[in-house]
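Can you make the complete structure from the sequences, with help from the hints?
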Amino acid sequence: TQLLEQSPQFLSIQEGENLTVYCNSSSVFSSLQWYRQEPGEGPVLLVTVVTGGEVKKLKRLTFQFGDARKDSSLHITAAQPGDTGLYLCAGRNRRSLRGAGSYQLTFGKGTKLSVIP
Amino acid sequence: ETGVTQSPTHLIKTRGQQVTLRCSSQSGHNTVSWYQQALGQGPQFIFQYYREEENGRGNFPPRFSGLQFPNYSSELNVNALELDDSALYLCASSLSDNEQFFGPGTRLTVL
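Chains A and B supply the protein sequences, listed in that same order. Following our numbering, the numbering of the first sequence begins with 1 at its first residue and continues without gaps. Following our numbering, the numbering of the second sequence begins with 1 at its first residue and continues without gaps.
Hints were generated in silico from the structure; no laboratory data involved. Glycine included, every Cβ here is placed at the ideal spot set by N, Cα and C.
With the C-beta cut set under 8 Å, the calculated list includes, among others, these residues of chain B facing chain A: (1) PRO43; (2) ASP97; (3) PHE102.
The list that follows gives simulated cross-link-like pairs (lysine-lysine, DSBU-like), each with its CA atoms no further than 30 Å apart: (4) LYS59/A x LYS109/A; (5) LYS109/A x LYS13/B; (6) LYS112/A x LYS57/A; (7) LYS70/A x LYS57/A; (8) LYS56/A x LYS112/A; (9) LYS112/A x LYS13/B.
So, partial list: chain A residues that the calculated Cβ filter (under 10 Å) puts toward chain B: (10) GLY42; (11) LEU88; (12) ARG94; (13) GLY108; (14) GLY110; (15) LYS112.
Rendered as structure tokens:
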């Protein structure tokens, strides 16, 4: 069974502070995704990282995929109240059962971020 | 373009009952995946349907079953409900193995 451990589980910070969220696994994934989920809504994809060592930036968010493709981090610079939400990492592995094949997503438990104005 | 929709939004059932949840996939998508998200947890993969056939299943018992229709909408059925089935049920549609787009979920409470 592939497991993804996210830390910290909860994070409450002041507006303008920086933060880093971690996602670790003992398994290798073909790629890893980060999602943000707000109350009453489904997760929304932020980024997909594929190559070991890859770094992607999305405005104030920086995502890194570990060299061994087992871990990832999300760094937010100068957090804003609009960043509040549940951040989920999900490992993707291909399952070629039929046709074009499919990806199965394995999610971590998430990091609940609160940014206080 | 209409996104992924789910119905109902909320549902309350009692132990032993059966429930059917519905998902309309995004236009042009042929794959639907279902997830269970318990309170304080991340989503757990239940199963996936590709072109009307089951295309992978997570660690859930047979009382969790599903269907996908020719228009690629989908149903999740749960028989003999248990208290631990209380959760947010999410469906996600995609075009084959491309990005999955999630619906808002159905909140199921089992009393």
